[in-house]
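Asker: This is what each chain is made of:
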Amino acid sequence: MPLLEIKNLKLDFIAGDKSLRAVDDVSITINAGETVCLVGESGCGKSVTALSIARLVPTPPARYVGGEILLNGRDVLKMSKTDLRGIRGGVVSYIFQDPSASLNPVFRIGNQIKESLKLHRPEKATDEEVIRLLKLVGIPAPESRIKDYPHQMSGGMQQRVMIAMALASEPKLLVADEPTTALDVTIQAQILDLLLDLKKRMGMSILLITHNLGIVGDMADRVAVMYAGQVVEMSPALDLLRRPLHPYTKALMNSVPKLSSNLQRLSAIPGNVPTLGNFPSGCRFYPRCPSAQPECANTMPQLVEVEPNRWVRCLYAKSL
Amino acid sequence: METSPQPSATEAIAKADLAIASPWQVFWRRLRRHRTAMFGAVILVILYLTALFAGFIAPYGYERQDRERFFHRPMALRFQGGLAVQQYEPAPGSSKYQAVKGEVQRIHFFVRGDKYNLFGFIPSTLHLFGSGDPKHPINLLGTDQYGRDIFSRLLYGSQISLSIGLIGIVLRFGLGMVMGGISGYFGGKIDSFIMRFCELIMSIPALYLIMSLRATFPANLSSTQVYLLIIAILSFIGWASSARVIRGMALSLRERQFVLAARTLGQRDRHVILKHILPGTFSYVIVAATLSVPYYILGEVVLSFLGVGIQEPDASWGIMLNAAQNPEYLTNYPWLLAPGVAIFITVLAFNFLGDGLRDAVDTKS
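Residue numbers (the working numbering), protein chains in the order written: chain A, 1 to 320; chain B, 1 to 365.
Since the hints were made in silico from the structure, they are not lab data. Heads up, some of the hints might be wrong.
Stated by the list, open to error - Cross-link-like lysine-lysine pairs, in silico, DSS-like; alpha carbons within 27 Å at most: (1) A:Lys18 - B:Lys189; (2) A:Lys78 - A:Lys7; (3) A:Lys118 - B:Lys189; (4) A:Lys7 - A:Lys81; (5) A:Lys7 - A:Lys258; (6) B:Lys275 - A:Lys81; (7) A:Lys124 - A:Lys18; (8) A:Lys147 - B:Lys115.
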């Protein structure tokens, strides 16, 4: 049984009397010990999908319209509030993009980590355990750091504290929502190494949300590419990087600047991601797709397995 | 790994400075630099200390009447073989008093006098000062229409007038924070309901609301009951506006990532509101609370002035001013306005302090 199985998740945002589909028919599976990357442009539903794993999207304005989220075989969407509190932190923990915003500025970091311990392992809510966790995430001299306020630490250190908080409850799945976007490049590498190392040591699974394809190759076992609320391609990471099948994935990879080439201009995908409620009929990517066919405007493609373990949502996946 | 190898001297100092300063310490340091705020704070400390030790400092009990001396004028302190005041005697044929030439009344310290309970439960008869001679009492601020010592009554009255504000803001902001926090954090129907209720309360002119609320209770309540009633009524009216501001702050705070982070850890809503939303509103609450203390003091004054507050013979600044309603009294015996001066000083001190607090919590400057 996979650790997490999102099946045909559909989520609407209610705006006035309209309901806008933000997540449409998303299915993602994560096995124990696996790292899955969720890739896509801003506003394509990555974060909402990730927050849904612990049903953290506020309802209203959101509304779960359909699908299932099976965590350890139990449907999160049908859980009671008490059960939800148990899995939040207990089974799935989150870290976010901007660590300085994720820490409460008015409390010492030691106390914030202790809060997490109190909830899930109350017998371990001690200074010793906090220090052990800080050591685990590579904070030097943790004994003197537990009395620090968040503003006294650098961004990288703050993100390490966030990771310590997330790990305090010993979760099975760590959801990292663009954990390195707010950090500079050298620190990014350190944090990602730390995540990989901790994953091995603690036997967690990781769901890593990113729009940095460079990270994907280093971290991921499998990749799901999202566009306009849908998964458009899902496949093992290396296969996807070597030979992307969906035109959107190809376009994404073409927009990554390469040191080897002497291009004057970066290639970009023309146009913008359609905003919620303004999705085109048929394939959602066809207005921007370089290989669009007339049929694309009329028929919504389904996610199909075109090669073993490689799922693509494109009418012409095989012919392109 | 992430620290720069050699921080400059000024950086190091700034770091050391930050390292020891919790937000409260920073706040306190900024407050101490604010001259007028500290001045206000000192005045308030003195006022509250004298209120606490009112029985000891006041030479007479608040009920003690001297039927020989109605509307006695204030007696100035002078130095003549020790601290003393001029002796007075009733002028024959009129209700005035005249100084007895050459006679002074020495002030004695730590004399025995009227019974009182220090802090409400330690019975004592020891007073800080007194004349030691019942025929020649010391009325530093004169006496009122019943021959009661205004200075003593002012001190006893401050117990009510000053404490009413403190208890009042605890109630008001306690309620305001809970309701505002819930309203802002949950939003939706709960928010609409609480906010419409606040607006309902705020839309009624305060004085009529006060009077009608007071009228729902029997008229012949004891002063203690009235005291509690005044606090309850004023807080019931006041919490609505505080709740609205706190709700607005909660609305913005709940979108902060640390609130989401707390929820991802599985924190209860109650805990998130108490620990992560409400501390963010303290900067407003501290300032607003300080600035709204005068509202309670004046509220008590208004109610007592209108005759629905504290009842005679108990002392409060409001009931004392009640006597000054009569214009004839006012022109002939202006010392009856002493509680007005006390109110003025107190309100001013609270506003000074509130101003300083506002600057101290304002991190933008």
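Asker: Does Lys18 (chain A) sit within 27 Å of Lys124 (chain A), going by the straight-line distance between their CA atoms?
Answerer: Outside the cut-off at roughly 48 Å; violated.
Asker: Below or equal to 27 Å on CA atoms is what counts here, so check Lys18 (chain A) against Lys189 (chain B).
Answerer: holds (19 Å)
Asker: Run the distance test for Lys78 (chain A) versus Lys7 (chain A): straight-line Cα separation, threshold 27 Å.
Answerer: holds (14 Å)
Asker: If you draw a straight line from the CA of Lys7 (chain A) to the CA of Lys81 (chain A), is it 27 Å or shorter?
Answerer: Measuring from Cα to Cα gives roughly 21 Å; hence the hint holds.
Asker: For Lys275 (chain B) and Lys81 (chain A), compute the direct alpha-carbon distance and say whether it is at most 27 Å.
Answerer: holds (20 Å)
Asker: Hinted pair, alpha-carbon criterion (27 Å max): Lys7 (chain A), Lys258 (chain A). Please report holds or violated.
Answerer: violated (36 Å)
Asker: Assess, step by step, whether the Cα of Lys147 (chain A) is no farther than 27 Å from the Cα of Lys115 (chain B), and give holds or violated.
Answerer: violated (53 Å)
Asker: For Lys118 (chain A) and Lys189 (chain B), compute the direct alpha-carbon distance and say whether it is at most 27 Å.
Answerer: Judged against 27 Å, a Cα distance of about 32 Å means the pair is violated.
Checked against the numbered hints given earlier, the structure breaks hints 3, 5, 7 and 8 and satisfies all the rest.
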